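Participant: Line order of the protein sequences matches chains A and B.
The opening position of the first sequence corresponds to residue 1 in the working numbering, with each subsequent residue numbered one higher.
The opening position of the second sequence corresponds to residue 1001 in the working numbering, with each subsequent residue numbered one higher.
Calculated from the structure, these hints are not laboratory results.
Remember, predicted model here, so these are calculated numbers, not experimental data.
Please note that a few of the clues may not be correct.
[To be verified] Pulled a few chain B residues facing chain A out of the computed Cβ check, cut under 7 Å:
(1) Leu1055
(2) Ala1085
(3) Glu1089
(4) Leu1098
(5) Leu1102
Just so you know, even glycine gets a beta-carbon here, dropped at the ideal spot from N, CA and C.
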Amino acid sequence: MRLRALVRKEILLLLRDPHALAVLFIMPTLFLVLMAGAMSNYLQDKPPALRLELQVPQASSYSEAFRAALQVQLPNSEMVAAGDPRSSRVSLPADFAESLLNDNAAGPALGFPPQLDKLSREHLRGAVRVALAQTRLLAFLEDSGDLDAGLPLAERLALVQQRTASRIEERELLASGDLSGRANASQLSVPAWLIFGMFFVALPMAGGFQREQQSGALLRFRALGLNLGALALSKVLPYLLINLLQFALLLAIGVHGLPLIGLQGLSLPGSPGAYVLLAISLTCATCGLGLLLAALARSAEQALLLGGGINIILAALGGIMVPKSVMPAAMGQLAEISPMSWALDAFLTLLVGQGSPADIAPYCFRLLLMAALFGAGGWLLFRRRVQQTQWTTY
Amino acid sequence: MASSCWCWSVLELHNIGHRYPGADTPALQGIDLQLQAGQCLGLLGSNGAGKTTLLSLLAGVLPLQQGEIRWDGERSLGLVPQQLAFYAELKVRENLELFADLYHLRGAERARRLELCIASTRLEDKLARRAARLSGGEQRRLNFAIGLLQPARLYLFDEATVGVDAASRQLLLAAVEHLTAEGHGVIYTSHYLDEIERVAQRILLLHEGRVRLDLDSRQLLDDGHGLLLEWQSEEPAGFGELLTRLHLHSEALPNGLRIPSLDGPQLLEITRFLAERPELPRLLRFGRPSLEQLYLRLNGGRL
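The following block holds chain B by itself, in its conformation from the complex (with noise of 0.2 Å):
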């Protein structure tokens, strides 16, 4: 779905930094972030990197150290754990009560968010079961409800599709989507990329506590267009010295590069140096290359 334009911040970060007590090194700093409403910020990083921390100090988890976090207006925050976080005895419904209670609805509004809940995780058929008897999908989807369920300005997942199935995968992302068209700030973790693609705007990579990167997604994989190649598994002999006497610039990807621009002549020169090679490339195409390609590049290779 395609961003609005909200114009104002839904919250702000300047200069946050974090050391856990004993650590050598700080888990983050120099953080600085404006996150708009409407936009969902997908948030990537090797383990250690410290997204964990970031989310922990947004959510009021870990005191703040150092550096300042703005909200528009209260903090205000829906979230999704990685973790099953309900209560496995209660039933569906019940859980869904007791957060609601907790997130003090009450009324038209009450019944309003939880009917909508219920239904963008398709939970109908389901609300007079115990949450333990729930298959594992389902039970991911109760804690997506249960975060989506809380009236909030921005709302945190974390690996919130772990162990669920392509259908309900579906679901939820259209949910997050849902979130964001509707002028909510997001902020996305997850290790499947592929998700990241399609829901944020906005990639924010960490690297040892610092922002490596912090790109408009489009831009990112838009500027990425160009010819695309894969091997099967090292780089042909002589595919370099042919770059080089055709003037053309590459970049190296995972187990391949991209050419940016070429002409017709230059790609016919490429398209015949390769056809006389034994072994074909994996991968020819022209586009851009997907999230993880760059993930992986911009990452020095860390998942």
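Just chain A, same shape as in the assembly (with noise of 0.2 Å):
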């Protein structure tokens, strides 16, 4: 019964808390919503498209199987006419057709305009230097005679592509959970954010109990012989609820709410009991972080400060802010560090990697063994913080 009443209380006092609740359900739905959408051009799986402008000097029949073999590559890209400042450039050299089989090292001129991006700029480069092999190729045919210099341009194409088409084979290893360099926007985005807004119970977890013991509530329950483990497990038992309502609606917004704004939505791949593992240790890793901080901040400003403080060094270090895939190696190991780091390389395992229960178990073994080193430390320290509540008198 007083289990149940202590219970009540918090979540009263939680859903009377806008700030909590701002904290832990609008902060983390505006990152991920804002941060899916900066990163769904940098981090997409398919290149945005291209605004082409094909310089062309001297007309030649090369020149046009470059253009062909060149949209073949930019199936999606959109060729131009001149002065559109917001299209990429390729200049043909004059001497375009004469110096493809005389020097291997020419080829032509790439213009961009400053806004594109790295990926693109990749994408053009790559896409220009197989229209370049390929019209190379057709020209040396041609020239050796193995290729019948009268069938039209495209069917004459159509053969070089045939003999430079190979069949790759793709297979992912799954050495390491970090696979923040495959991910999404939304694959990305969703769990980092998800995970960063559920490590925020721990500040009003802490808060709501320098505030009752600032209050003097602490103290009847003391001078009633409250049990002490009645009362801690009354702080993590809401917030635990809390967690897992995180989780599941975070992750509803990244399936269902992204594609609603144009964003790519994400999917969960593999099994359900896989996600819930993941949620019940992290879960447990958050409340047993809110636990300690609890112990021992001594106001609730003080719990704000360490808090949050502790929390956004864990995102930085742990990849929620910064994709690990862009870090230095030194800063990639000095992630592991962080549970953060552990609970995101697990998401990953699942989102991009396929993982199954048994992919993520080292991950979610960390998040439950920080969960009860730091619950059993807070727990010591939340008892004896307790027993020294002592009357106030002014």
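Two chains, two frames, a set of hints: combine them into the complex.
Facilitator: Structure representation (structure tokens):
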């Protein structure tokens, strides 16, 4: 009865704390949507369509072959007329046809508009290299007589493309859970900001305990001989529920909400059990941290600063704010100390690597170990703190 | 309200002592006390006298280091601390129901006690309001109600009426008197000595961790009858010699004195002497000194 009353009290207090609700639900949702949108261009599975201007000073059958080959490489791109400042330019040299077989170093010049992202530039470079190689091969085959120059251009080009096509089998090796380099914006943003938001339960959890002690309610509890285990459990249980709710809600926003605003939706491959395992492990870890913080902080303000500071550092280290794939190797290794990184790697193993519960077990084990250590330390300090609560007079 | 005669002890303390870690002197030593059912003990003492330590030991907030605390049955304690010990963001009813649950109150007993506490603190029309939005006095009343809600043999009140308006104060003091009339033990500390004078049947004065005075308050106050004199500034020259000449005994009070017994001619001599002085006394009356005056005298002028 007492535990139920205390849990109910914690839930009521949380529901009446707009700042806590904002930190737990609105902040991660906003971050999730904004960052998924912001990174959607950079971290997308398909490169964006290009606007392309092909400058040909002297038209020839090879310049036409190059144009056709390039269009095959950039199927979604738009060939535009000269003078568009937003378009990329591919300029063929005047002696393009002559130099194809004589000068291996000769090739087109590329011009990029200043706003063009790195991925699009790289994509254009690759497409030009392939188109140039195919045009050069076409010239070589015609020159050697292996290809009938009288055939239509499209047919000749198709033959060349057949000869240069190769079947490449791709196999993903899951050596590490850091798959952020392969993740798209939704696969990275949704779990990252979900994890970040879940860790923020430590703030209201610790702040509420400080207010309880400062108000004298804790003194009443002590005089009442209230079981300290029940008291600690009443702090943890509501936030376990809140964490599970955050987990479900933010994933649902990733799956169903992002497509509504034109962003790529998240798909949840693999076994639901794996997600449940991850949610429970993550929840235990965040509540362990919350209990420790509650016992360590000496005021609500201190809990806010300490908890906020710890979370932001863990997020910066753990690949939440900046994907680990763009970090230098040393930073990537340092990220391994952050529990947010363990949780994110587990998520990416499921979302990108399509892993099983067994694949994420090592990360869940680390999170549960952290929960056990922080929870045990937090419990011992919490108990001592409550026992040291004194009768205050002014 | 007159105290009834309840014959059993709610609480007995034997040779209680306590020393805080690192302190040179004990905060409490050799405290013996027996509190009867239906008795309100006014606990007095200057800062550092040991009041809070004693309350903390009774409430189980501090571990007992020395001596023995004997309860009549299980420890059963209602508490109204000086701090506003409730949840500001919960409504008044939610706070009361939370503590009713924590006190294991159920069914008809729960409903009866809730109704009684709400009525005795006049919170009926505030039940749906968040505690944070109550006035200071209303918050005190809620704090009081939560303490009263607990079924207990002994109630501790620590500066429970700080910041309360006069009407609410009367209400709360009446609730304390009601508790003692029902046979509960009460320990009441306050800097408002008129409150203690009203509710306490017994006064315990602590000084440097020891009991300096433990008396029935009526006896203490009634024994203090006599002629009370309080000076405007200082005792007029020659007054001491007058008392010697009249063979009168006097006791010093803060800014004055008390002459326990005197006859008509002696009173006339004193009145005549004072009438000839340029500065009349601020007070001259028959009666007993206030608890505050007695307290200041007994406690060496320390509040």
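Participant: Indicate, hint by hint, whether the structure satisfies it.
Facilitator: Results of checking the hints against the structure:
| no. | hint | result |
| --- | --- | --- |
| 1 | Leu1055 | 6 Å, holds |
| 2 | Ala1085 | 3 Å, holds |
| 3 | Glu1089 | 5 Å, holds |
| 4 | Leu1098 | 5 Å, holds |
| 5 | Leu1102 | 6 Å, holds |
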